[in-house]
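Number of protein chains: 2
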Amino acid sequence: MIVTIKDVAKKANVAPSTVSRVIANSPRISEKTKKKVREVMEELGYHPNFQARSLAAKSTQAIGVIMPNSAYYAFQNPFFPEVLRGISTSAHDNKYGIYLSTGSTEDEIYNEVTSMVLGRRVDGVILLYSRINDKTMNFLQSSNFPFVVVGRPDEHDERISYVDNDNIFITKQVTNYLIDLGHQNIAFVGGSTDFVVTVDRLNGYKLALKDAGISFKKEYMVFEDFIKENGRKAIESLMNLNDPPTALVTQDDLIAYEMISHLEDMGIRVPQDISIVSFNNLMLSEHSKPPLTSIDICIYQLGFEATKCLLEKISIPDTLPKRITIPTKFIERKSCEQKK
Amino acid sequence: MIVTIKDVAKKANVAPSTVSRVIANSPRISEKTKKKVREVMEELGYHPNFQARSLAAKSTQAIGVIMPNSAYYAFQNPFFPEVLRGISTSAHDNKYGIYLSTGSTEDEIYNEVTSMVLGRRVDGVILLYSRINDKTMNFLQSSNFPFVVVGRPDEHDERISYVDNDNIFITKQVTNYLIDLGHQNIAFVGGSTDFVVTVDRLNGYKLALKDAGISFKKEYMVFEDFIKENGRKAIESLMNLNDPPTALVTQDDLIAYEMISHLEDMGIRVPQDISIVSFNNLMLSEHSKPPLTSIDICIYQLGFEATKCLLEKISIPDTLPKRITIPTKFIERKSCEQKK
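Chains as they are written, first to last, in full-length UniProt numbering: chain A, 1 to 340; chain B, 1 to 340.
Since the hints were derived computationally from the structure, they do not count as laboratory data. Incorrect hints may appear among the rest.
[What the hints assert, rightly or not] Derived EDC-like pairs: lysine to aspartate or glutamate, alpha-carbon spacing no greater than 20 Å straight-line:
no., chain 1, residue 1, chain 2, residue 2
1, A, Lys289, B, Glu286
2, A, Lys289, B, Glu264
3, B, Lys95, A, Glu31
4, A, Lys10, A, Glu42
5, A, Lys95, B, Glu31
6, A, Lys95, B, Glu108
7, B, Lys135, B, Glu155
8, A, Lys322, A, Asp157
9, B, Lys95, A, Asp107
10, B, Lys289, A, Glu286
11, A, Lys289, B, Glu258
12, B, Lys210, B, Asp166
13, B, Lys95, A, Glu106
14, A, Lys95, B, Glu106
15, B, Lys95, A, Glu108
16, B, Lys135, B, Glu106
17, A, Lys322, A, Asp107
Next comes chain A alone, as it looks inside the complex (with noise of 0.2 Å):
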């Protein structure tokens, strides 16, 4: 059964008019009415459609951008302001502004987003990060609201439109690389499994010892955030075992700057010692010491990309939904070294 505006009245006991007006925020509505009628439209499930508002109402000319935790955070890591600088040169192409979430929590975020939707600040949504079971793609989703995500979504859904690097693929062909040197104590240090990013290049890792007839350890996984941070912890853990690792994949650059620091404070020498490869091929990864064998993701393209594809979202709603896959470079430079 299709829920409708003329139910969600009738069960809030106001007319048609008032739910409307609840749906677009409107001043004219009492902050405890929305909250009435907010309840019975979750309540019955009723959803409104927001493609079809946005034919209707005028553009707002904004995109909303949604980091996965608070730029005090994000903007620790180059990702960040590089995919921004995608995003924004395809927006300022088409006259589009950016409103820029800063919520630091799943809650925070969700709300955020809520609101930008329901208050009419922004035309469509590009979230920056997938997650494991996300409430607010779901939302997204469940609103019919135009978003791209960057990121491949958790759930199998067709109707979702994203860009994202064939993760899979590329860890396997780094991972591959590694055993090609004789590695075969090769280690994994992602970042949260939260994110869908780190269980695809897991994934790819793990294709990659299979086929070689290497055997996965659990002990040569370290998850720890992106944030450098909590890099000395991860390493320190893998160093100390019976039989510490030869080479690691690491997926961030940043990390791997903060590791070869501190394995050189352990008299650990890279690639010597141990080899490492990792992503994002950062402005740093060329004069960083070694320079670091890294894969680029064309973290702009990524942005830019995403950023087309919401606008085309946004100017033909009926638009098919749209999966890009960002080629990716392998930049061999000096972080690994056949093993002895």
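Given the coordinates of chain A, assemble chain B onto it according to the supplied hints.
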């Protein structure tokens, strides 16, 4: 004579309520009427008092953040993500979102800001730059819309709130540091003289030279955009002088890195042949070769304090304007040496 809504209405041949709706950018008014009324507003010099309006109107819970040029260029410079980190943290603490400009020219930025203000998209604006005779700043000032500048405004106007470093003082200090190391031929490699920060630093540099009895040489000034692509041109023109400099004061670590790299190509060693001091103390500066002596201008703090100041202005409109000076730190590393 104070121009009122009634004057505008009479001249435009519409009702005063129509003028109010145009100011609020109501969708109920046709674009044609809006255009006509806005032309009359401009002609008569009418500026709605947005500060008073904001008290009456519902808060947007958003602030506008305006960059000096497109994100395409701005986000190549770590200054912007870092200042945005400070802004977002303070905005988030106060449950505010951020509306980011994407304009790439002065005119585009002006249009974005007027549309943010007239369209009531934001409660206040942070300008991330201070340009000489900037029409965007003039618009904000004459509209009496809450705004704060990161950087010292060009004209001495006590009503403008801003957050800045004491650029004259610190540049005098670093120039003195080079003079104390025995350098007399000191070049100034700065950003665009469109920006007040460049002018202030140039003045600090000149003051130090004057106090030391060193005559100022025009050919020792190289003005280039902050973007590092222009570094080669800057350094070549300097080093080809008959009396080339033995020390450089550069305005930005990114320019400094680039120069060090070009100097290396030219067979000139830092610090043995030429000393370099710079500004911003980017994360890379510790790890560059040689580690860079740089002024930490506390970018995060500049953004954080500007936002705090703006939110105070928004919530208490009759707050007195403030000038906040953020202290800097001189980080001495290995890019300067005693002149031989």
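So, going through the hints one by one against the coordinates:
no.: 1; hint: A:Lys289 with B:Glu286; result: holds, 12 Å
no.: 2; hint: A:Lys289 with B:Glu264; result: holds, 18 Å
no.: 3; hint: B:Lys95 with A:Glu31; result: holds, 18 Å
no.: 4; hint: A:Lys10 with A:Glu42; result: holds, 14 Å
no.: 5; hint: A:Lys95 with B:Glu31; result: holds, 18 Å
no.: 6; hint: A:Lys95 with B:Glu108; result: holds, 9 Å
no.: 7; hint: B:Lys135 with B:Glu155; result: holds, 12 Å
no.: 8; hint: A:Lys322 with A:Asp157; result: holds, 11 Å
no.: 9; hint: B:Lys95 with A:Asp107; result: holds, 13 Å
no.: 10; hint: B:Lys289 with A:Glu286; result: holds, 12 Å
no.: 11; hint: A:Lys289 with B:Glu258; result: holds, 18 Å
no.: 12; hint: B:Lys210 with B:Asp166; result: holds, 19 Å
no.: 13; hint: B:Lys95 with A:Glu106; result: holds, 15 Å
no.: 14; hint: A:Lys95 with B:Glu106; result: holds, 15 Å
no.: 15; hint: B:Lys95 with A:Glu108; result: holds, 9 Å
no.: 16; hint: B:Lys135 with B:Glu106; result: holds, 8 Å
no.: 17; hint: A:Lys322 with A:Asp107; result: violated, 28 Å
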